[in-house]
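Undergrad: Residue-level listing of the chains:
Protein chains: 2
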Amino acid sequence: MTTTEAGPDLVGETLADVGRRVRRAMLDAIPDSEPHRWLYGMVRAYPSRPSKALRPALCLAACRAFGGTDEDAFPVAVAIEMFHNAFLIHDDIADGSSHRRGRPTLPADHGDALSLNAGDALVVLAYRVLRRSTGAMSPELADIVLGEFEAMALRTLEGQATELGWQRDTVTALTPEDYLHLIMHKTCWYTTIHPLRVGAIVGSGGDADVRDMVRFGFHLGAAFQIRDDLLNLTGDASLYGKEINGDLYEGKRTLALIHLIDQVSPEHRGFLEQYLSMERHDRTPEVVARLRSLLDSHGSLEFAADYAQGIASAALDAFGAAFAAASPGRDADFVRALIPYMLGRPS
Amino acid sequence: MTTTEAGPDLVGETLADVGRRVRRAMLDAIPDSEPHRWLYGMVRAYPSRPSKALRPALCLAACRAFGGTDEDAFPVAVAIEMFHNAFLIHDDIADGSSHRRGRPTLPADHGDALSLNAGDALVVLAYRVLRRSTGAMSPELADIVLGEFEAMALRTLEGQATELGWQRDTVTALTPEDYLHLIMHKTCWYTTIHPLRVGAIVGSGGDADVRDMVRFGFHLGAAFQIRDDLLNLTGDASLYGKEINGDLYEGKRTLALIHLIDQVSPEHRGFLEQYLSMERHDRTPEVVARLRSLLDSHGSLEFAADYAQGIASAALDAFGAAFAAASPGRDADFVRALIPYMLGRPS
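Residue numbers (the working numbering), protein chains in the order written: chain A, -11 to 335; chain B, -11 to 335.
Hints were generated in silico from the structure; no laboratory data involved.
One thing to keep in mind: the hints can contain errors.
Identical copies go unnamed one by one, so any copy, or any two together, can satisfy a pair.
To be verified - Each computed DMTMM-like pair below joins lysine to aspartate or glutamate, with the alpha-carbon atoms no more than 25 Å apart:
hint	residue 1	residue 2
1	K40	D250
2	K240	D97
3	K40	D166
4	K240	D100
5	K40	D5
6	K240	E128
7	K40	D197
8	K40	E128
9	K240	E1
10	K40	D131
11	K240	E22
12	K240	D197
13	K240	D(-3)
14	K40	D284
15	K240	D16
Since this is a predicted model, take the numbers as computed values, not measurements.
Extracted from the complex, chain A is given alone in its bound form:
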């Protein structure tokens, strides 16, 4: 199974269309009132910036492919994207990041305290959108959807805790399997598995068996995350929107870094261990450049890229089972075309 001919255009057009509609709906759901400078203006910042809209697009496509209409899942898709934006704010505080979607992060512009509070407000507003949308469902379906949302949020926070814990406690005895376990929680559940599951649940009125979405969503999300890690090292900053090498400054345990920790030649081991135990603000451009050259010379980026190829093949296999009961057509084609898109996307 390879990319359909309609692949790239279908993906690009669908994401652009969903992105426009979801951004408008998010801004409609966020008050534009006082306190504006210290709260709602900040809450509106990230939802105003163009983004990929991958999560709501997956949710809407799964809903339609499993028998629903766009309207059935649209507010749920909006709530997912709002939760994602809230998580980005808190992530940018935790990571000390300088740029997001091509502009300064909220904490860079407004400090940590006001940004933390703005992220909290976006969580509450996401829940409000979700409540209003589930209020129109049967109580049973509403309960399933809300339970899925909570499980997704907790898994994401568990993954974030593990990643932060690895960095804080200088955990280095990690394998590629540890990395996959991490991103299953930190990335895949809320980026792919949850949007697919909840879309199919809403579309089918609760009838769809969504268990196979976990395996497919895991591989699709893992391909997304490994590509994201590589873009952080090699991307075009103007397209990528975040600072290049930001993960290295943070000491993030990416697949490439885990490969290097395992493979590093003896003369560089001392430097690597010292690097990993540094605080972020002690990592100068010079030591980051040295780490980067070690990743290059040990083939760690190629290792990660090859790993992503294998993951993408597994995603293609898993797609068949996950969408076996779905209607064929544009929506299923879009989801399948996302697999090669994940590996080639420039941003």
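Let chain A serve as the given structure and place chain B on it in line with the hints.
TA: Chain B in isolation, oriented as in the chain A frame:
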């Protein structure tokens, strides 16, 4: 109207009983699983520490006084206390606080990033308790309760944003009315107004007219907050549980500080303005001690204490209207006895 004879015991016993039961329920609602050190152990920390349990006690008393049983409102009361604990974690990050309930704060022990994430998890878990409890109500009542919860959360975050904004932007042209407007949002809504309103709504099955709860809860909550501000300056650290003078280090715009800004004698004005524009970490024990002596010499603490007395009188007036339709008895007595309790509490 003065304290009933049963007042102090009734308040103390009720708060102790509710506190025990709510702490147990909160810990039952928080996973005790992995990642434990980096997430759930942290999430369980504040809910494990003894606290006043004022908010759930108000919610339960209002529920019973308006015709409900303890069981009707108990999960809602637990969700309110969980939200409160989540807010305390994020507050301790924003304020850089060192102590909470007599022990180190989560950010002091584990850093800001993991603490932020733990607070987020507690918000999601509070919503889960709320969802499970509203699932047993009629859809109409559930929608009202959830809408009240969201409105409370947003008001709290609006108040927090305003307070942080005043500090960050060195806003000094403030009156006692600005302070009351701030604490109406930051404190009263989630400490008193919301627990009273949602308790009465659940107890009456949605029939109670809870509009008069706003005025009563505002005055009760304002008395609570002004007392809290004074305890921060004059309390016994072992009872109060937070660092004494912490508000001065933060430059928090309390009623006493607003009084001083208005009344400060010309020879001290330059120092005060310089103090207010400092960053927290530049405020040494020496400059904090000088500010504290200015508050003493200008009678700013007496001003705040007198103000709280007037607020408490207004609360007694407003109690009658708010509880006009309630059954007389132990629950209404408890709520009324909280008014003098607010002014005299040692912690």
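Undergrad: Of the hints stated earlier, which fail here?
TA: 1, 3, 6, 7, 8, 9, 10, 12, 13, 14 and 15
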